[in-house]
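Here the protein sequences line up with chains E and B, keeping their order.
For reference, each letter of the first sequence is one residue, going 0 to 397 in numbering that gives the first Met the number 0.
For reference, each letter of the second sequence is one residue, going 0 to 141 in numbering that gives the first Met the number 0.
Check the hints yourself; a few may be wrong.
Computed cross-link-like contacts, SDA-like style, restricted to lysine to any residue with a CA-CA straight-line distance of at most 20 Å [to be verified]:
hint, chain 1, residue 1, chain 2, residue 2
1, E, K357, B, N33
2, E, K354, B, S58
3, E, K295, E, P267
4, E, K389, B, Q14
5, E, K147, E, P96
6, E, K341, B, N119
Read the hints as simulated data drawn from the structure, not as lab findings.
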Amino acid sequence: MNREDFPMLNQDIIYFDNGATTLKPKCVIDKTVEYYEKYGANAHRGDYDISYKVDQEYENVRGLVKKFINAKYLEEIIFTAGSTESLNLVARGFFEPLLEVGDEVLITKSEHASNVLPWFYLANTKGVKVNYIPLDDNHYVTLENVKKAITPNTKVISLAYITNVIGDIRPIKEIAEFAHKNNIFLVVDGAQSIGHLKTDVQDLDVDFLTFSAHKMCGPTGVGVLYGKKELLENVEPLILGGGMNESFDNENEIYYKDLPTRLEAGTPNIAGVIAFGKAIEYLEAIGIDKIADYEKKLRKYLIDKLISIPFIDIINIESDSGIVSFNVTDIFSQDVAYYLNKYNVCVRAGNHCAKILKNEVGVKNTLRISLYFYNTYEEIDELIDLLSNKEKILEEML
Amino acid sequence: MDENLRRDIILDNYQNPRNKEIVLDKRYIKVNSNNESCIDNIDIYVLIEDDILKDIKFSGEACAISTSSTSIMIQNLIGKSVSESKMYIENFENMVQELAYDNNLLNEALVYSEIYKQGNRKNCALLPYIGLKKAIKQYEKN
Numbered sequence: 000m001n002r003e004d005f006p007m008l009n010q011d012i013i014y015f016d017n018g019a020t021t022l023k024p025k026c027v028i029d030k031t032v033e034y035y036e037k038y039g040a041n042a043h044r045g046d047y048d049i050s051y052k053v054d055q056e057y058e059n060v061r062g063l064v065k066k067f068i069n070a071k072y073l074e075e076i077i078f079t080a081g082s083t084e085s086l087n088l089v090a091r092g093f094f095e096p097l098l099e100v101g102d103e104v105l106i107t108k109s110e111h112a113s114n115v116l117p118w119f120y121l122a123n124t125k126g127v128k129v130n131y132i133p134l135d136d137n138h139y140v141t142l143e144n145v146k147k148a149i150t151p152n153t154k155v156i157s158l159a160y161i162t163n164v165i166g167d168i169r170p171i172k173e174i175a176e177f178a179h180k181n182n183i184f185l186v187v188d189g190a191q192s193i194g195h196l197k198t199d200v201q202d203l204d205v206d207f208l209t210f211s212a213h214k215m216c217g218p219t220g221v222g223v224l225y226g227k228k229e230l231l232e233n234v235e236p237l238i239l240g241g242g243m244n245e246s247f248d249n250e251n252e253i254y255y256k257d258l259p260t261r262l263e264a265g266t267p268n269i270a271g272v273i274a275f276g277k278a279i280e281y282l283e284a285i286g287i288d289k290i291a292d293y294e295k296k297l298r299k300y301l302i303d304k305l306i307s308i309p310f311i312d313i314i315n316i317e318s319d320s321g322i323v324s325f326n327v328t329d330i331f332s333q334d335v336a337y338y339l340n341k342y343n344v345c346v347r348a349g350n351h352c353a354k355i356l357k358n359e360v361g362v363k364n365t366l367r368i369s370l371y372f373y374n375t376y377e378e379i380d381e382l383i384d385l386l387s388n389k390e391k392i393l394e395e396m397l
Numbered sequence: 000m001d002e003n004l005r006r007d008i009i010l011d012n013y014q015n016p017r018n019k020e021i022v023l024d025k026r027y028i029k030v031n032s033n034n035e036s037c038i039d040n041i042d043i044y045v046l047i048e049d050d051i052l053k054d055i056k057f058s059g060e061a062c063a064i065s066t067s068s069t070s071i072m073i074q075n076l077i078g079k080s081v082s083e084s085k086m087y088i089e090n091f092e093n094m095v096q097e098l099a100y101d102n103n104l105l106n107e108a109l110v111y112s113e114i115y116k117q118g119n120r121k122n123c124a125l126l127p128y129i130g131l132k133k134a135i136k137q138y139e140k141n
């Protein structure tokens, strides 16, 4: 769908690495240029017309994000550099002051590094314990296993909505309900889900949600931290400086601004945020449900064909997202990726930043296809054609 | 070098890598070789006595170019002195980086003489040398 909107697709490539980043439609690129060419002043000044215009454009995007994820208040939307920064801000700004020695954080072994390392940091500095929810045979998280994994010391559950290697969609709403009954906070890493699955933070009732613009057709270097207002009020800013302070005279008299500005120190990525707004409008015009539906069909088409190739081992046959991880038997994933690259097919090889997942699936490195709405059945046919001949892969991978 | 011969040597050393085994013997210097841009990750074990590289082994998971390059490097350097090895390393690196080198020294490693044409694979060929240099440095420090 909508291939004509993406200038990158004018060249001869098949892009299957949407889990890493998505391509940008022309309207998003144009919006970036519009800022730099027409009103390229700083935000939050407003003393002259173009500066006022910047403020309007920038804050307008906060409204678009609020509507996109159905947040209750504008102040619940904090702009960051990306999901990684957002997760660090939650772990360090909210949970570091709150958690005590012996408190437990629950994650899984299929989380991305960004949802592992900030918690390991708290384990090493605060004596917090990081525990893992056991995954089922399909490497899924089930509510039953969450129930089994919690203890009276569990204070936080932090999970990706969709994981970046297995691609499973977690039952977030059910987990949130259960967590809250037990006074446990729920943090959701939405990096892989936000552009693929309708996200309603009030319906899901998550405490924090993090995501990146660049994985939903927006620019790189922009992300969001959503938090329930009463919780965000207690997030300590990790970055101090211009924009976020109200006044200061000496070290004892410092006053910070209110949300959301308090957590957005320094000149933000103005062009990025403004262009991000265009990405949201663009995706909404297509319809997230329509995207999800199409991806599901594409994935089924891909899986059905991959299964028929005897020397391909699929890690996640079952999965409702557009992510498929697999290996060609006895060939290192990176060599297959190099081979596909010779035919301008872009796929990712490696551990995909999920370095503790190998303990769970028994495979360290995989090839990953991550689909988006501009991928086509014909592209999948070409991929399958290239993967069907193992002799050819061995012949041409060098 | 003939294209088919080149491919045969690389594939042979990839599919049947020589000296690939985990070493527990404490006399060996163990170093890790990895680079940030890819997922290759190998351990290299080097036994150096009286300035001679008496034995070298490796273990780990890596792509065809890295694995074969490691296998070939090890076969070429077992029994060589530390100074001969350094000369070999320098020549190999120069070859990969398109600088002047002495092709009489490199034997089978000449299969990578045109690897520079695939920029993203240069680091694969160089991977084992990162570890070997670390091991020699450690030996010299002691």
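For each hint, the structure was consulted:
no.	hint	in the structure
1	K357/E x N33/B	holds (18 Å)
2	K354/E x S58/B	holds (19 Å)
3	K295/E x P267/E	violated (36 Å)
4	K389/E x Q14/B	holds (14 Å)
5	K147/E x P96/E	violated (27 Å)
6	K341/E x N119/B	holds (12 Å)
Taken one by one, the earlier hints fail for this structure at numbers 3, 5, listed in ascending order.
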